[in-house]
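Fit chain C to the known structure of chain H by using the hints.
Below, each chain spelled out in residue letters.
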Amino acid sequence: MTWSYKAGTLRDNPARGPRSTPGGFRDMTPFRPSQDARQRTLDSSLSYDGGDGGLFSLQEVQRLMRIEFDRSQRYHYPLACFLIVVDRLERLHDLHGVEIKHAVHQALTELLRSEIRSSDLLACLLNERLLVMLPHATREGADALAQRILAGARRLAFESQGRSVRITLSIGGAHNQLVEEPQYETLLSVAEGGLDVAIASGGDRYVHSELYEHFEKKHSRDRRRRTDVAPAQPLPAPEPGPARQIFSLGNMPPRPAPAPAPVHEPLPDLSPAERDELLQAKDREHRVEVENLERRISKLTSMLEKTEGDLRLMASMKLGDEGVASIYKSVQGLSQEETAIELKKDLMQKIFEANMELKQAIARGST
Amino acid sequence: MTESQELREVEIKARKAVPQEKAPKPAGQPGASQPSEVKKDQGVLYLGIDLGTSRTSVTASNGLRETIPSFVGYPKDVVARKLLKKDVLFGDEAIEKRLSLDLYRPLAQGVLKFSDEKGDLAEANLRAAKDLIAEIIRRAKPRRDELVYAVIGAPAEASIKNKEAILQAARESVDSVMLCSEPFAVAYGLDWLEDVLVIDIGAGTTDLCRMHGTMPEEHDQITLTFAGDYIDEALAERLKKSCPGAAFSTQMVKRIKERHASVDEALAKVEVQLPVDGKPTTFDITNDMRAACRTIIAPIVEGLGKLVATFDPEFQERLKDRVLLAGGGCQIKGLDTAIEKEMRARLGSGRVLRMEEPIYGGANGALKIAHDMPPEYWEKLK
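Taken in order, these protein sequences are the chains called H and C. Note that our numbering has the first sequence beginning at 575, numbered continuously upward. Note that our numbering has the second sequence beginning at 2, numbered continuously upward.
Among these hints, one or two may not hold up.
Said to hold, decoys possible - Straight-line alpha carbon distances no greater than 25 Å define the calculated DSS-like cross-link-like pairs of lysine-lysine that follow: (1) H:LYS873 x C:LYS131; (2) C:LYS369 x H:LYS924; (3) C:LYS383 x H:LYS933; (4) C:LYS142 x C:LYS162.
What the hints assert, rightly or not - One-sided excerpt, in silico: chain H residues whose CB lies under 7 Å from chain C: (5) LEU632; (6) MET888; (7) VAL898; (8) ALA899; (9) SER900; (10) TYR902; (11) GLN906; (12) GLY907; (13) LEU908; (14) LYS924; (15) ALA935.
What the hints assert, rightly or not - Some chain H residues flagged as far from chain C (calculated, every beta-carbon gap over 12 Å): (16) LEU638; (17) GLN647; (18) TYR651; (19) HIS667; (20) SER693; (21) ALA731; (22) ILE741; (23) LEU885; (24) ARG886; (25) GLU927; (26) MET930; (27) LEU932; (28) ILE936.
Keep in mind the hints are simulated off the structure, nothing from the lab. C-beta atoms are modelled at their ideal positions from N, C-alpha and C, and glycine is treated no differently.
Bound-form chain H, shown alone:
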């Protein structure tokens, strides 16, 4: 397989400098204490290779993002976050192999690094999703950045077996200025919801879902329930279900009062036909998932039966009959008290000789 990735397409962006920042919010943090020290920490963290070409590991980005988020809440500065996924990456993988997946991932990482600032945080989450945390990014600035990322991804060109391969991205966005005192988990969930809508709408788009109230209530509820749990929780599992449902039905929750700005990608106002199509697509997807799960259950059941059989065998061996001891503890032979001992000795010898002859004859035959 010949595979090449044209990296040159990434940096040919004459419209801006190599470190242009979205929305002009550079140096908006005169109130941040020990800015230099923090920057040093982030720079050193950015050089950490978590196995994804210099991206943060999941644990590391969790810690840093929480710190950044808490700081943004404490000092009331804006913060945006993106969840990014390459559209139909699994299909590309299936068609062109794992190399293209790695190349796409690498190219996307470079694209994002070229677009964001060094103080922004970039991490790779599970399911090939990339998380970008943008401190000091206004809503408009985040939207502009998302558009640049989408455009940059469209320009990426890959080649596989002589064919040109293009990619697009789906981006879900969230901003901390659209709701009062949001939580970190809420921000991620909102971004996740937006991403789900972007994917369901065909990809190559950025969606700012604004379901803050929904997720905020849920997370508050969870927090109340889990008062005994240590505060450092892993990333909450994405719950795209409610978001998709709400978006697909066009039931947008009321927007919070201090957030009048429109989202960049309008929420889908689906016609009944489109809604049916979307529901059918979801239905098909679920059916495939159910089939896969059933196959897996079947396989696991057969493996379980085999294991049970092995265990039964082992148990039977362990608890098996140890046998009945012979009454002879050494090799015997004719007793001196035996009647006709000489005759029997002679008979034993003849039986032995016959067997030895047989043994030798067999040995000769086999050689």
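Here is chain C on its own, set in the frame of chain H:
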């Protein structure tokens, strides 16, 4: 005698023969024990095995004895395997589940089937024989820390290929193994070593053996195919004629024979139920049973006559008076009397003794040989 009493008696006899009670024999002499060659924490389990066409029996020096029909079955397919939950079935269980099995009866006419040939069938048969021997040894419950020495009764006229096949089948399960002539084992077990005529009626063969105080040689032994299976075939032929429309299998005929076999003139009425067009129908097979069982008498007496005629004339009368009837076939009612009568008619006189334990007679004798065999012989045959 109950089983526990029997076991106790065997144990008492064995204790009498324990070597520490005897003076040590000079090394190198037959019968001398060599304790250095056997680890002290190991016991020695002696086995006497009668590998028969119909039944395989084992008698062990731990007091156990077992017998199973010589049938081995392997599940035909995955479904059968799942249903039976076993990879191989033996004996009655294999016969019972035979419709789900590839059923093997590895011995025919006293020898391993197809052992003189090559091919899939021969290999399958050998595998079945190996499994059968392994199973009968397993049923003797040897301890893992014991040496297992076995003597297997082989048909008197088995070919070298056949003996090789039996040894090959047994070696996987025992530490040392010997073969000996089946009728000789029967006589040795009863300590009848001089001037005895042994009739060992099995399923596949009837072995006639002349014992005269030494190891029987080729001319002392005659193997006939007039045995249990022959009676089954004769009975089946007769039933086909006398029971029109009746459906029956070889196994059914065998079961009927084992229950009603007799050559008595005053045989009680034998009535059996056989299906006719699916309906159980009662048939009187008294005459058929008697006639079928009697088919083996004439050939046996003829064989005895040959053995007597070629014996020292001075001891012929004594030989005719010491005829031992052994093997599963000796359970045919009135057979000893019938053979005596035929001997008197053809040879002038005859006295036949029936063995008390027909099923285990051969195995008991083989066990006694195994026990009496000097240790160095076992070592050399390992």
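Verification of the hints:
| no. | hint | in the structure |
| --- | --- | --- |
| 1 | H:LYS873 x C:LYS131 | violated (35 Å) |
| 2 | C:LYS369 x H:LYS924 | holds (15 Å) |
| 3 | C:LYS383 x H:LYS933 | holds (10 Å) |
| 4 | C:LYS142 x C:LYS162 | violated (29 Å) |
| 5 | LEU632 | violated (45 Å) |
| 6 | MET888 | violated (16 Å) |
| 7 | VAL898 | holds (4 Å) |
| 8 | ALA899 | holds (6 Å) |
| 9 | SER900 | holds (4 Å) |
| 10 | TYR902 | holds (5 Å) |
| 11 | GLN906 | holds (5 Å) |
| 12 | GLY907 | holds (4 Å) |
| 13 | LEU908 | holds (5 Å) |
| 14 | LYS924 | holds (4 Å) |
| 15 | ALA935 | holds (6 Å) |
| 16 | LEU638 | holds (56 Å) |
| 17 | GLN647 | holds (63 Å) |
| 18 | TYR651 | holds (68 Å) |
| 19 | HIS667 | holds (36 Å) |
| 20 | SER693 | holds (64 Å) |
| 21 | ALA731 | holds (53 Å) |
| 22 | ILE741 | holds (47 Å) |
| 23 | LEU885 | holds (14 Å) |
| 24 | ARG886 | violated (9 Å) |
| 25 | GLU927 | violated (9 Å) |
| 26 | MET930 | violated (7 Å) |
| 27 | LEU932 | violated (6 Å) |
| 28 | ILE936 | violated (5 Å) |
When each numbered hint is compared with the structure, violations occur for hints 1, 4, 5, 6, 24, 25, 26, 27, 28.
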